Amino acid sequence: MTQFVHLHVHSEYSVIDSTLGIKPLVAMTKELGQPAMALTDQSNLFALVKFYNTAMGAGIKPIIGADVYIEDEDGSIFRCTLLCQNEQGYLNLSHLISLSYLKNQKLYQHNTVPLIKREWLAEFNAGLIVLSGGRDGDIGQAILSEKPNLVASRANWWQSHFPDRYYLELIRTGREKEEEYIAGAVGVSLRYELPVVATNDVRFASPEDFEAHEVRVCIHDGYVLEDPNRPKRYTEEQYFKTTEQMVALFDDLPEAIENSVE
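Residue numbers for the sequence shown follow my numbering, beginning at 1 and rising by one.
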């Protein structure tokens, strides 16, 4: 039977956009027969000890990581997910997050956010695996902007600094331009020999939790739920899906499922 591991999951420690507690997350992972799970809260590792102990106690392999904002040399901002391979990776991720809070907080999409500079990532990359950030990553942005030369230079940068540790992240949650990005990413994967991996960018447990999640986002962003002009960044598909659901979702790209377990 095909296995799948969720590698992109926010908990309630991502105060702005998740309603998931650590214990329910680990319980769901075990119930679904998934061998491991990555916790990737936004720019923080606050849940690390609780997650590690809870997962180990349940016989689940805990993968430590974080979603981060990266500031490019030209000042543009993109997103990616960093996962720790080992203790060195954890030390580097902790250091990068600390640097971003201490030295480089800037306004982005109406919020002040900590930004990791690309040169810092190049310097402190040991022990880290990168998920590309999908359409919000630097390669994703270049694909959607139809800039093949920029795609090439960025692919080469990642291959140079993260050899065999960089994955083109594929997400299918019904959001704008996801399929357009995936079509481009598959081409980039073949051309530059970069592996693809499927995630579900998880924010809540089930579709029924979507409205409660949206309420939480509105409170943080200062909107009311009924406001027709509020930004809608999430869909009800961003729940903790079963292995079978993820396999069906990516039945045209089985390697993206297989690589989640690699």
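What the hints contain is simulated information worked out from the structure, not anything from laboratory work. It should be emphasised that the depicted structure is a prediction, and the values quoted were computed from it without experimental measurement. Hints should not be assumed to be uniformly reliable.
Claimed, not checked - Computed list of lysine to any residue pairs in SDA-like fashion (alpha-carbon distance at most 25 Å, straight line):
#: 1; residue 1: 50; residue 2: 76
#: 2; residue 1: 117; residue 2: 149
#: 3; residue 1: 23; residue 2: 77
#: 4; residue 1: 241; residue 2: 147
#: 5; residue 1: 30; residue 2: 262
#: 6; residue 1: 177; residue 2: 104
#: 7; residue 1: 177; residue 2: 94
#: 8; residue 1: 50; residue 2: 97
#: 9; residue 1: 106; residue 2: 124
#: 10; residue 1: 30; residue 2: 58
#: 11; residue 1: 241; residue 2: 43
#: 12; residue 1: 61; residue 2: 76
#: 13; residue 1: 106; residue 2: 120
#: 14; residue 1: 241; residue 2: 44
#: 15; residue 1: 241; residue 2: 60
#: 16; residue 1: 61; residue 2: 22
#: 17; residue 1: 241; residue 2: 45
#: 18; residue 1: 106; residue 2: 77
#: 19; residue 1: 117; residue 2: 147
#: 20; residue 1: 61; residue 2: 147
#: 21; residue 1: 50; residue 2: 85
#: 22; residue 1: 117; residue 2: 88
#: 23; residue 1: 241; residue 2: 77
#: 24; residue 1: 117; residue 2: 43
#: 25; residue 1: 61; residue 2: 43
#: 26; residue 1: 30; residue 2: 175
#: 27; residue 1: 106; residue 2: 50
#: 28; residue 1: 61; residue 2: 2
#: 29; residue 1: 23; residue 2: 234
#: 30; residue 1: 61; residue 2: 176
#: 31; residue 1: 117; residue 2: 61
#: 32; residue 1: 23; residue 2: 94
#: 33; residue 1: 61; residue 2: 103
Comparing the hints with the structure gives:
1. 50 / 76: violated (34 Å)
2. 117 / 149: OK: residue 117 and residue 149 at ~22 Å, within 25 Å.
3. 23 / 77: Violated, because 33 Å separates the two Cα atoms, which is more than 25 Å.
4. 241 / 147: Between residue 241 and residue 147 the Cα gap is close to 33 Å, so the pair fails against 25 Å, i.e. violated.
5. 30 / 262: At roughly 19 Å apart (the allowed maximum being 25 Å), residue 262 and residue 30 satisfy the hint.
6. 177 / 104: It is violated: about 30 Å lies between the C-alpha atoms, which goes past 25 Å.
7. 177 / 94: This hinted pair is violated, its Cα atoms lying about 32 Å apart.
8. 50 / 97: At roughly 19 Å apart (the allowed maximum being 25 Å), residue 97 and residue 50 satisfy the hint.
9. 106 / 124: holds (21 Å)
10. 30 / 58: holds (7 Å)
11. 241 / 43: Holds. Residue 241 to residue 43 sits at ~24 Å (cutoff 25 Å).
12. 61 / 76: Distance of about 35 Å is beyond 25 Å: violated.
13. 106 / 120: holds (16 Å)
14. 241 / 44: Given that 25 Å is the threshold and the Cα spacing comes to 24 Å, the pair holds.
15. 241 / 60: Holds. Residue 241 to residue 60 sits at ~17 Å (cutoff 25 Å).
16. 61 / 22: Distance ~14 Å between residue 61 and residue 22 Cα, so the pair holds.
17. 241 / 45: holds (23 Å)
18. 106 / 77: Since the Cα atoms of residue 106 and residue 77 sit roughly 10 Å apart, the hinted pair holds (cutoff 25 Å).
19. 117 / 147: Answer holds: residue 117 to residue 147 is near 22 Å, not above 25 Å.
20. 61 / 147: violated (39 Å)
21. 50 / 85: It holds: about 19 Å lies between the C-alpha atoms, which stays within 25 Å.
22. 117 / 88: The given pair, whose Cα atoms are some 19 Å apart, holds under the 25 Å limit.
23. 241 / 77: It is violated: about 29 Å lies between the C-alpha atoms, which goes past 25 Å.
24. 117 / 43: With Cα atoms ~13 Å apart, residue 117 and residue 43 stay inside 25 Å; holds.
25. 61 / 43: holds (21 Å)
26. 30 / 175: violated (28 Å)
27. 106 / 50: violated (30 Å)
28. 61 / 2: holds (17 Å)
29. 23 / 234: Holds. Residue 23 to residue 234 sits at ~23 Å (cutoff 25 Å).
30. 61 / 176: violated (33 Å)
31. 117 / 61: This hinted pair is violated, its Cα atoms lying about 30 Å apart.
32. 23 / 94: holds (23 Å)
33. 61 / 103: violated (33 Å)
Taken one by one, the earlier hints fail for this structure at numbers 1, 3, 4, 6, 7, 12, 20, 23, 26, 27, 30, 31 and 33, listed in ascending order.
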